[in-house]
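For the record, the sequence lines run as chains A and B. Numbered by the working numbering, the letters in the first sequence go through residues 1 to 212 in order. Numbered by the working numbering, the letters in the second sequence go through residues 1001 to 1181 in order.
Simulated from the structure, these hints should not be mistaken for lab results. Treat the hints loosely; a few may be bogus.
Listed below are the simulated DSBU-like cross-link pairs for lysine-lysine, each with C-alpha atoms no more than 30 Å apart in a straight line [said to hold, decoys possible]:
id	chain 1	residue 1	chain 2	residue 2
1	B	K1074	B	K1175
2	A	K2	A	K182
3	A	K6	A	K117
4	B	K1002	A	K56
5	A	K206	A	K2
6	A	K201	A	K6
7	B	K1034	A	K56
8	B	K1003	A	K57
9	A	K6	A	K165
10	B	K1034	B	K1045
11	A	K117	B	K1045
12	B	K1095	A	K182
13	B	K1045	A	K57
14	A	K56	B	K1006
15	A	K2	A	K165
16	A	K205	A	K2
17	B	K1175	B	K1034
18	B	K1003	A	K117
19	B	K1006	A	K57
Pairwise CB distance ranges, derived in the manner of DEER restraints [what the hints assert, rightly or not]:
id	chain 1	residue 1	chain 2	residue 2	range
20	B	L1024	A	K57	19 to 25 Å
21	B	A1026	A	P183	46 to 52 Å
22	B	F1041	A	R64	50 to 56 Å
23	B	K1095	A	P183	21 to 27 Å
Coverage of chain B stretches by chain A, computed from C-beta distances (three or more under 8 Å per stretch; other residues unrestricted) [to be verified]:
id	segment
24	1007 to 1019
25	1023 to 1030
Ideal Cβ positions, reconstructed from N, Cα and C, are used throughout, including at glycine.
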Amino acid sequence: MKDFTKGLWEENPVFVGLLGLCSVLAISVSIQNAIGMGVALTFVLVFSNVIISLLKKIIPYEIRIPMYIVIIATLVTIVDMVMNAYLFELHASLGIFIPLIVVNCIILGRAEGFASKNSVSRSFLDGLGMGIGYTLSLIILSLIREILGSGTITIWENIVIDINKLFQDQGTLLLFTDLFLKPSGAFIIFGLLLGVISTIKINRKKKLGDKV
Amino acid sequence: MKKIPKWLHYSLILLVLGLFSGLLLAYFNEMTTKVIEENLFNEMKSILAEEVPQYASFEPNDITQSVPEKSLFKHVYKYSDGTSTNAIVYYINTKGYQNGLISILMTVDYETDKIVQFTIIEAKEQLGKVSNSQYNLIDASIDSFAFTPLAGATISSNAINDAVNIVANHYVQYKTVLGGN
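Isolated chain A, as found in the complex:
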């Protein structure tokens, strides 16, 4: 179970590992994007972990990286084609960041650091935990950025909560700024979240230290 839960908090790929930040900062402007990207990455991560773990005994050490890349690129291309066919608008919204999952360090990192050394079931749980951890981190970042940036929460295509309008109806006018939808806003929110998470971790360590 530890293999699954460590990705959610202790070894969270985004807020602890600081991995795959390019796509995290770029697409976290709506929850819909976060869910789409998170599911795509989780699919690739789980299957690449399972396949690499299955093949670990026949993958020669010297050519392991090109083999990992072929496996990951195949999975990413499948995700790209399926999303383009069945989730056309989401695919258009995520754009180049779907094909770029190929070079996401989380996937190659888990392949090299975990799946190539552990059993299929453990690799599966590791991939799933890391994928869900990545998705949740993206959702938290997107939620804050979208609320502050556009005053809405876009859960899925037509499911949009217009916070701006809710407050206007009650006679309060909130001022939202699209700074938070821009890369600079992404860095500000991400930095603040990192600070909060680090503080929580330090406090927890202190408490544990006091008990010992």
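Chain A is fixed; fit chain B onto it per the hints.
Chain B alone, transformed into the frame defined by chain A:
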């Protein structure tokens, strides 16, 4: 038995993996191509329904395969009421700044030979929120339009201008063929 050399062993493993990967991708490509094409067609239809509602009652036909020099275009569609041709729609891709893909949809009215619709439907380079009217093409005659380049986007403007000229030359040269298809 003689052991096979390492380089051959590695090459064979990579070859098998590549073949398996290719087969899998071919299967998924086969499965999704039609749906992706359908999505593009529907997107094109919704753009046209909004921008040239006069053709909304007709169903556009994909005539790409029977068009001369078809490799120049991603798709060519024809609006027809059954007896006569109403408009020709060109879907053309070009490359702008830093080779960024720019996809253009452009409609020429068959009766008046005027450009009645022009839309940049995809631009990998950020062209900003460019109004299509800024290019000064709408209602211009296909053989005598004056393209207005976009300030600050010279390379992309030139690429768009080239694409518009390809469409114009093609239409002027093959109008009767297009209408007869």
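Evaluated hints:
Our distance criterion of 30 Å between C-alpha atoms is met by K1074(B) and K1175(B), whose separation comes to about 18 Å. Between the alpha carbons of K2(A) and K182(A) the distance comes to roughly 36 Å, so the proposed pair goes past 30 Å and is violated. For a cut-off of 30 Å, the pair hint linking K6(A) to K117(A) stands: about 17 Å separates their Cα positions. A threshold of 30 Å between alpha carbons decides the hint, and for K1002(B) with K56(A) the separation of about 25 Å falls inside it, so the pair holds.
Restraint check: the Cα-Cα separation between K206(A) and K2(A) comes to about 22 Å, which is no more than 30 Å; the hinted pair holds. Restraint check for K201(A) and K6(A): satisfied, since their Cα atoms lie roughly 14 Å apart, inside the 30 Å limit. Of the pairs offered as hints, the one joining K1034(B) and K56(A) is violated, with about 36 Å between alpha carbons and a cut-off of 30 Å exceeded. Between the alpha carbons of K1003(B) and K57(A) the distance comes to roughly 19 Å, so the proposed pair stays at or under 30 Å and holds.
A threshold of 30 Å between alpha carbons decides the hint, and for K6(A) with K165(A) the separation of about 39 Å lies outside it, so the pair is violated. A distance of roughly 16 Å separates the Cα atoms of K1034(B) and K1045(B); the hinted pair therefore holds under the 30 Å criterion. A hinted pair counts as satisfied when its Cα atoms are at most 30 Å apart, and K117(A) with K1045(B) does not qualify at roughly 52 Å. Of the pairs offered as hints, the one joining K1095(B) and K182(A) holds, with about 26 Å between alpha carbons and a cut-off of 30 Å not exceeded.
Using a Cα cut-off of 30 Å, the hinted pair K1045(B) and K57(A) is violated, with the two alpha carbons roughly 52 Å apart. Between the alpha carbons of K56(A) and K1006(B) the distance comes to roughly 18 Å, so the proposed pair stays at or under 30 Å and holds. The hinted pair formed by K2(A) and K165(A) fails the criterion: a straight-line CA distance of about 43 Å is larger than 30 Å. Note on K205(A) and K2(A): the hinted pairing holds, with a Cα-Cα distance of about 19 Å set against a maximum of 30 Å.
Distance hint between K1175(B) and K1034(B) is fulfilled; the C-alpha atoms sit about 29 Å from each other, no more than 30 Å. With a CA separation close to 27 Å, the supplied pair K1003(B) and K117(A) stays within the 30 Å bound. Among the hinted pairs, K1006(B) with K57(A) is consistent with the structure: their alpha-carbon atoms are about 16 Å apart, no more than 30 Å. Hint check: L1024(B) to K57(A), Cβ distance near 22 Å, so the stated range 19 to 25 Å holds.
Separated by about 38 Å at the C-beta atoms, A1026(B) and P183(A) break the suggested range of 46 to 52 Å. Taking 50 to 56 Å as the suggested C-beta distance range, the pair F1041(B) and R64(A) does not conform, at roughly 43 Å. Checked against the hint of 21 to 27 Å, the C-beta distance between K1095(B) and P183(A) comes to roughly 25 Å, which is consistent with it. Counting residues of the segment 1007 to 1019 of chain B whose beta-carbon sits less than 8 Å from any beta-carbon of chain A gives 6, enough to reach three: the coverage restraint holds.
Counting residues of the segment 1023 to 1030 of chain B whose beta-carbon sits less than 8 Å from any beta-carbon of chain A gives 4, enough to reach three: the coverage restraint holds.
In this structure, the earlier hints numbered 2, 7, 9, 11, 13, 15, 21 and 22 are contradicted, and the remaining ones agree with it.
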